[in-house]
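Take the sequence shown: its letter number 167 is residue 617 in our numbering, and every next letter is one higher.
Hints are supplied without guarantee of correctness; some may be wrong.
[Claimed, not checked] Pair ranges (Cβ atoms, derived):
| # | residue 1 | residue 2 | range |
| --- | --- | --- | --- |
| 1 | LEU573 | ALA629 | 19 to 27 Å |
| 2 | HIS459 | GLN566 | 37 to 45 Å |
| 3 | ASN621 | ASP508 | 21 to 29 Å |
If you are wondering where the hints come from, they were derived from the structure by calculation, not from laboratory data. The structure presented is a predicted model; accordingly, all values stated were derived computationally and were not measured. Think of the CB as a built atom: it goes at the ideal place given N, C-alpha and C, for glycine as much as any other residue.
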Amino acid sequence: MTALNLIKHHQAELQDLEARAGDIGLFVARDAWDALESEVEACTKDSVRRNFIDDMPDAWALQLGMAFDEACAKWIEQPLYALDDSMREAMGERWCYDINRSSMQSLLQSLRIHNQYEAEFELLIKQAKPGLPGIVRGAWIDDEGYAFDHMGEGSTRDGRRVREQFYAARNQVLPRLAAVASDFLLRSLLLYRTALGGVQAGLLREQQSTS
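Generate the whole structure from the sequences, applying the supplied hints.
Shown next, in the form of structure tokens:
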């Protein structure tokens, strides 16, 4: 395959990725949120302590950002890595695409997600906080043993309510994460397409000068 034909092949691959940007964005969003749900479930499956859960919005927002970055690497960066490798092998120093720039953009986006969703997760947890202190206050005077007997049960309910809040938030958050991922994909494709255009223009000039 000639260099110009290889470029045309890559341009077709970019068009295909662009046409599927919406679907790919949704794949990224689902993977990221699935990873977060697994973390939330692991932390709350038995019970949840109030002093522990108050520290979790930051940790879970960080988890979502990291999972988003990993999903972008899988669905967006890996296809571009494959294209970049073949072009770099064929064109050598002519090829000037900086694959690390896309990786850095993904990392920066994951940090933005952490900052954005920490406050949202605080709200979800606040909405889930039930009445364990209420159980204690309500029963303390009449039956201290009753209150302590029901602390474990209340803690288990706390965990369930936290999980339910995150499950309910899924359909609201996924479209937003998908839009961010799709935008990241389109920006990455633009960078790659620009690099292809530069090499293609140089090859065409060389052809014209020798014809």
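- [ ] May I ask which of the numbered hints given earlier this structure violates, with the numbers listed in increasing order?
- [x] Every hint satisfied by this model.
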